[in-house]
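> Sequence:
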Amino acid sequence: MTAMGNAPCCNPSRASFETNSTSTEGESVWDSRQQQMIRAKLMHQRAEEVHQKQHEEIVRVLDKFESSSSERRDMFLKALSPSQRQEFMRLYDERRRRP
Numbered sequence: 001m002t003a004m005g006n007a008p009c010c011n012p013s014r015a016s017f018e019t020n021s022t023s024t025e026g027e028s029v030w031d032s033r034q035q036q037m038i039r040a041k042l043m044h045q046r047a048e049e050v051h052q053k054q055h056e057e058i059v060r061v062l063d064k065f066e067s068s069s070s071e072r073r074d075m076f077l078k079a080l081s082p083s084q085r086q087e088f089m090r091l092y093d094e095r096r097r098r099p
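For the sequence shown, UniProt numbering begins at 1 and goes up steadily by one.
Read the hints as simulated data drawn from the structure, not as lab findings. Where a beta carbon is used, it is the ideal one built from N, C-alpha and C, also for glycine. Certain hints may be false.
Unchecked claim - Okay, derived cross-link-like pairs now, DSS-like style, lysine-lysine, Cα gap no bigger than 25 Å in a straight line: (1) LYS53 / LYS41; (2) LYS53 / LYS64; (3) LYS64 / LYS78.
Claimed, not checked - Listed next, with one range per pair, are the computed distances between beta-carbon atoms: (4) VAL29 / PRO82: 31 to 41 Å; (5) GLU49 / GLU87: 18 to 28 Å; (6) ARG97 / LYS64: 14 to 24 Å.
Could you put the whole structure together from the sequences, leaning on the hints where they help?
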């Protein structure tokens with residue numbers, strides 16, 4: 001009889017507690033999932049913004065390089081490391097090929 005007295009159906013206060021705690025846990029899991037989704041979306045937006053700014057900066061540097069004198073171009077290229085120079089020239093050549 002005591003076992004049945006502890007069952008949620010026979011103990012209204014326990015049933016109420018279990019129902020409330022289950023829904024609270026479910027809601028907190030749902031809230032946590034929503035927060036994760038929002039955080040992921042914000043991180044994705046931030047990554048896109050950073051990528052866009054980097055792209056704009058590259059275009060600006062390429063424009064300036066293109067309009068500079070050959071002496072300034074040489075100075076600029078000499079200031080870069082070999083790998084940076086290779087990447088920069090790849091971007092520059094790629095841009096020149098586009099109409």
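> For every hint, state whether the structure bears it out.
Hints, verified against the model:
1. LYS53 / LYS41: holds (18 Å)
2. LYS53 / LYS64: Roughly 16 Å separates the two Cα atoms, so the pair holds.
3. LYS64 / LYS78: Roughly 16 Å between the alpha carbons, so the hint for LYS64 and LYS78 holds.
4. VAL29 / PRO82: 31 to 41 Å: At 52 Å between Cβs, range violated.
5. GLU49 / GLU87: 18 to 28 Å: Holds: the Cβ-Cβ distance is about 22 Å, inside 18 to 28 Å.
6. ARG97 / LYS64: 14 to 24 Å: holds (19 Å)
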